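Protein chains: 2
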Amino acid sequence: MRMLLIHSDYLEFEAKQKTKIAEETDVLKGKMEECLTAFIAVERDDEENPEGVVKGAVEEIEKVAGQLKVNNIVVYPYAHLSSDLSSPEVAKEVLKSIEEELKNKNYNVLRAPFGWYKAFKVSCKGHPLSELSRKIVAKEEKEEKEKTPS
Amino acid sequence: MRMLLIHSDYLEFEAKQKTKIAEETDVLKGKMEECLTAFIAVERDDEENPEGVVKGAVEEIEKVAGQLKVNNIVVYPYAHLSSDLSSPEVAKEVLKSIEEELKNKNYNVLRAPFGWYKAFKVSCKGHPLSELSRKIVAKEEKEEKEKTPS
Ligand SMILES: [Mg+2]
Chain L
1 MRMLLIHSDY
11 LEFEAKQKTK
21 IAEETDVLKG
31 KMEECLTAFI
41 AVERDDEENP
51 EGVVKGAVEE
61 IEKVAGQLKV
71 NNIVVYPYAH
81 LSSDLSSPEV
91 AKEVLKSIEE
101 ELKNKNYNVL
111 RAPFGWYKAF
121 KVSCKGHPLS
131 ELSRKIVAKE
141 EKEEKEKTPS
Chain P
1 MRMLLIHSDY
11 LEFEAKQKTK
21 IAEETDVLKG
31 KMEECLTAFI
41 AVERDDEENP
51 EGVVKGAVEE
61 IEKVAGQLKV
71 NNIVVYPYAH
81 LSSDLSSPEV
91 AKEVLKSIEE
101 ELKNKNYNVL
111 RAPFGWYKAF
121 KVSCKGHPLS
131 ELSRKIVAKE
141 EKEEKEKTPS
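Top line first, the protein sequences correspond to chains L and P.
When you number the first sequence by UniProt numbering, it's gap-free, plus one each residue, and the end is 150.
When you number the second sequence by UniProt numbering, it's gap-free, plus one each residue, and the end is 150.
Simulated from the structure, these hints should not be mistaken for lab results.
Remember, it's a predicted structure, so these values are computed and weren't measured experimentally.
Among the hints, erroneous ones may be present.
One copy or two, it doesn't matter: identical chains are merged, so the pair holds either way.
[As the list claims (entries may be wrong)] With a Cα cut of at most 20 Å, we get these calculated EDC-like pairs of lysine to aspartate or glutamate:
id	residue 1	residue 2
1	K103	E33
2	K121	E14
3	K63	E47
4	K16	E34
5	K55	E100
6	K121	E33
7	K69	E51
Okay, chain L solo, but in the shape it has when bound (with noise of 0.2 Å):
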């Protein structure tokens, strides 16, 4: 996964035409401020363990969330960050499923739609942290199904 962390003042959006692989949604617009926004591209490694890789990610988010002091999140799908995709629908799961343990960690939480074409604005603070890029890779070994002795 790579991912592209912006200390936004505001990042708003409107979906405004599907592609083959839209998710169905009725969040086609948002609008958040003074929030970390989190540009993701879903990779191909990522389909190996998707649940580690959504937990490698979770803990980046609340990491930079934690030294910004910001409480609000947007999850915004960005494909342009890789050139080696993972499948849409390993990519959708885990964009859904970071959004869901960022609010289970009670973020406030905005998950833009994946697989529309979206008008966006945004606005980076400019302070040395407020644009990073991170290479998120699972946080824990999958669970081998058998285990051969040694």
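Add chain P with the ligand to chain L, keeping to what the hints say.
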């Protein structure tokens, strides 16, 4: 080179703080409207043929600007698009050359300075051509200094 092209209602930036590799410049703020914003990461491979990469980049920008019918171009350094960057020296040279070539072709060009922490605001229009990512390769072979007769 990695390039992210955003058909923008506006792009606005303000350089806030130097990094160690900051370009000396008087252009610390800028705004352009109805523009094509080219976020660019110059990569290690580009060091082999910077001129060819400039040519490839300018051709791609011209192609998309023509499709969108825009004459305003923002050249915006964006290291976060790659994990395999060129030296800062090559990056600065390439970005400045892209600016010059586009100006020679009568585009209005705003180039954001390299190596500064910058605040920025961007508004992406959201139609299908408003967000494109490209891998740019050198457009012509570097001339060999000596040719071995075959
Ligand atoms: Mg890569």
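Q | Those earlier numbered hints the structure runs against, lowest number first | A | Hints 3, 7 not satisfied by this model.
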